[in-house]
Amino acid sequence: MNEHELRSAMRDAVVASSPPPPMDAGAALDRGRRARRRRKATWGASLAVVGIAVGAVLAPNLVGGAGRGEAPVASGSSEDTRPPSVTPAAPPSQPVGVTRGAPPPAASTRPSWPDGQTDRTATRGPRADRARGLLDDLRAALPAGLAGEDRERIGHPDHGPMTRHQGQYADTVDGVEVWEYTATTPVVRPGEPAVAELWIQVETRGNNRVGGEACEAATRHPHPLSGGGCEVVEVDGKRVGVVTGAVADPVRNTYDAGAFYRHPDGTLVMIGVSKAFGESGHPGMASVPLDGRQLAALAVDPRFHLG
Amino acid sequence: MSDRDTAFAEYFAARSEAMRGTAYLLCGDWHRAEDLVQATFTKLYLAWRRIDRHEALDAYTRRTLVRTFVSELRRGWFRKERVGEPVVEPAAVAPGSAEDRLVLLAALARVPPRQRAVLVLRYWEDLSVEDTARALGCSEGTVKSQAARGLQTLRGLITPHQGEKVR
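Residue numbers (the UniProt record's numbering), protein chains in the order written: chain E, 1 to 307; chain G, 1 to 167.
These are calculated hints, taken from the structure and not from any lab test.
Errors might be hidden in some of the hints.
To be verified - These stretches of chain G come out as covered by chain E in the derived footprint (C-beta under 8 Å, 3 or more residues): (1) 41–50; (2) 128–141.
Said to hold, decoys possible - A short, non-exhaustive set of chain E residues, derived as facing chain G with CB atoms under 7 Å: (3) E3; (4) L6; (5) R7; (6) M10; (7) P20; (8) P21; (9) L29; (10) G32.
Stated by the list, open to error - Below, a list of computed lysine to any residue pairs in the SDA-like style, where the Cα atoms sit at most 20 Å apart: (11) E:K40 / G:I51; (12) G:K43 / E:Q117; (13) E:K40 / G:S2; (14) G:K43 / E:R33; (15) G:K43 / E:H4; (16) G:K43 / E:R7; (17) G:K144 / E:H156; (18) G:K144 / E:E5; (19) G:K144 / E:H4; (20) G:K43 / E:R189; (21) G:K43 / E:D30; (22) G:K144 / E:R36; (23) G:K43 / E:G116; (24) G:K43 / E:D115; (25) G:K43 / E:R31; (26) G:K43 / E:R124; (27) G:K43 / E:T121; (28) E:K40 / G:L46; (29) G:K43 / G:D58; (30) E:K40 / G:R50.
Here the structure is a predicted model, which means the values were calculated and not measured.
Idealized CB from N, CA, C, for every residue including glycine.
So here's chain E without its partners, still in its complex pose (with noise of 0.2 Å):
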């Protein structure tokens, strides 16, 4: 493949891959408002803190030292404090084929994101900490022997770091806000350098992505299994979609096993293992550190099951 040959294929795959509507000009304008709002809010907050601390420090003396007269109270402007702005010009040459203006709100095709986010994943507040938890309990519900730790990449500059966890809006579905908390850690034995790889992912009540429970959600979506078979293990009289002898592909982020389970309010939880932490540089175990049953009573785990 040479260069030409790559551009030209690069083009038919963009063409070919039936590219959804154009996306809506006003609701990139609104979430761009949004934004700002949220930006000054934030500064005239800061400010606010800053003028209050100032004012405690100075106000004293301001008023000859006793401390009885009322700090001044720094109020959030709302002035604009950016450089002096350029009125935009007009935007560069545009497309063949591409419609100007904002069509209405009702032609997006894409969700707005909660709690004034800029995109599905919760960085901070109670969303984000749920993630946080859901990795340090994984790690803790570990069987004895084998131990949740983080690993620095051997290599692989660019896959970013071993241990993860993410909570991310899917979608609101009748009403109800779907999410999605996913962990991934390097699990070790300890004193031993083989490094296997435990993710879990929760989507929460309300989610409809992958339908069914137990092998029948296993065998629905391909992810994060590819190919072994799966049979029912039951914990506590409950039912356990366990899949083992699967294909673990670290592109396709498919595991060794892994195990399925769906409360009875619809909350999915699903538990991948491999043997070898893939792209990772570190050697790998010589078998999947936990079987069947360890897979299922952590598929059924009440810390998991997460709203």
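For chain E, the structure is supplied; the task is to place chain G on it using the hints.
Then chain G, alone, in the frame of chain E:
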């Protein structure tokens, strides 16, 4: 609507589709591509009045898009659905068929993200080595080596059968 908002809306209408195509090649998923474009244009809106060279808007927006993509990879932001899509076995694909694009996208997805970004900027956006380096915040030498490695990786991922057509 203020002048600023009008200009922003016009710029979005004019350029969001092109940016979305770039984002699609970077991440291989239209929904995620739209998320990336949204995040990019929100940042652009916030910086709009500080940008005094509007003729350089495209470069600024593209740089923001690529850095948002790389940064979100580091944060582990990705929709699992994307990786769950059916994988096309390259060996089973006849040259010239509609599945070629799936092979390319599957192969691109396996190219490390920074190399992928170089390939997309150089050969989809037709940026010069210098502009690609500026967009990615790296040296021109890095762009050249990453582009060479990226192409090599792609060649290795596409089977000889495919290679007969595209080599």
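Hints, verified against the model:
Coverage of the segment 41–50 of chain G by chain E holds. Counting CB-CB distances below 8 Å, 8 residues qualify, and the rule asks for three or more. Only residues whose beta carbon comes within less than 8 Å of a beta carbon in chain E count, and the segment 128–141 of chain G has 0; fewer than three means the coverage is violated. The beta carbon of E3 of chain E comes within 6 Å of a beta carbon in chain G, closer than 7 Å, and the hint placing it at the interface holds. Hint status for L6 of chain E relative to chain G: holds, with the closest Cβ pair at about 5 Å, below 7 Å.
The interface hint given for R7 of chain E holds, since its Cβ lies 5 Å from the closest Cβ of chain G, which is under the 7 Å cut-off. Because the beta carbon of M10 of chain E sits about 5 Å from the nearest beta carbon in chain G, less than 7 Å, this interface hint is met. At about 5 Å, the closest approach between the beta carbon of P20 of chain E and any beta carbon in chain G falls short of 7 Å, and the interface hint on this residue holds. For P21 of chain E, the interface hint is violated, since its Cβ never comes within 7 Å of a Cβ in chain G; the closest pair sits about 10 Å apart.
With a least beta-carbon distance of about 5 Å to chain G, the hint placing L29 of chain E at the interface is held under the 7 Å criterion. Proximity of G32 of chain E to chain G holds as hinted, the smallest CB-CB distance being about 3 Å (cut-off 7 Å). A hinted pair counts as satisfied when its Cα atoms are at most 20 Å apart, and K40 of chain E with I51 of chain G qualifies at roughly 19 Å. With a C-alpha separation of about 13 Å, the suggested pairing of K43 of chain G with Q117 of chain E holds against the 20 Å cut-off.
Taking the CA atoms of K40 of chain E and S2 of chain G, the gap is about 18 Å. The hint holds against a cut of 20 Å. Taken as a hint, the K43 of chain G and R33 of chain E pair is honoured in the structure, with Cα atoms around 11 Å apart against an allowance of 20 Å. For the hint pairing K43 of chain G with H4 of chain E, the CA-to-CA distance comes to about 33 Å; that exceeds 20 Å, so the pair is violated. Under the criterion of a C-alpha separation no larger than 20 Å, the hint pairing K43 of chain G with R7 of chain E is inconsistent with the structure, at around 29 Å.
For the hint linking K144 of chain G to H156 of chain E, the alpha-carbon distance of about 19 Å falls within 20 Å, and the restraint holds. For the proposed pair K144 of chain G and E5 of chain E, the alpha carbon gap of about 18 Å is at most 20 Å, so the pair holds. Distance check on the hinted pair: K144 of chain G and H4 of chain E sit about 16 Å apart at the alpha-carbon level, within 20 Å; holds. The hinted pair formed by K43 of chain G and R189 of chain E fails the criterion: a straight-line CA distance of about 44 Å is larger than 20 Å.
For the given pair, K43 of chain G sits about 13 Å from D30 of chain E by alpha-carbon distance, which is consistent with the 20 Å threshold. This hinted pair does not check out: K144 of chain G and R36 of chain E have alpha carbons roughly 38 Å apart, beyond 20 Å. At roughly 14 Å between alpha-carbon atoms, K43 of chain G and G116 of chain E fall within 20 Å of each other, so this suggested pair holds. Taking the CA atoms of K43 of chain G and D115 of chain E, the gap is near 18 Å; set against the 20 Å cutoff, the hint holds.
Distance hint between K43 of chain G and R31 of chain E is fulfilled; the C-alpha atoms sit about 10 Å from each other, no more than 20 Å. Annotation: proposed proximity of K43 of chain G to R124 of chain E holds, straight-line Cα distance about 18 Å (limit 20 Å). Distance check on the hinted pair: K43 of chain G and T121 of chain E sit about 16 Å apart at the alpha-carbon level, within 20 Å; holds. Our distance criterion of 20 Å between C-alpha atoms is met by K40 of chain E and L46 of chain G, whose separation comes to about 11 Å.
The suggested pairing of K43 of chain G with D58 of chain G holds, with an alpha-carbon distance near 13 Å, which does not exceed 20 Å. For the hint pairing K40 of chain E with R50 of chain G, the CA-to-CA distance comes to about 16 Å; that is within 20 Å, so the pair holds.
When held up to the earlier numbered hints, the structure conflicts with 2, 8, 15, 16, 20 and 22 and fits the remainder.
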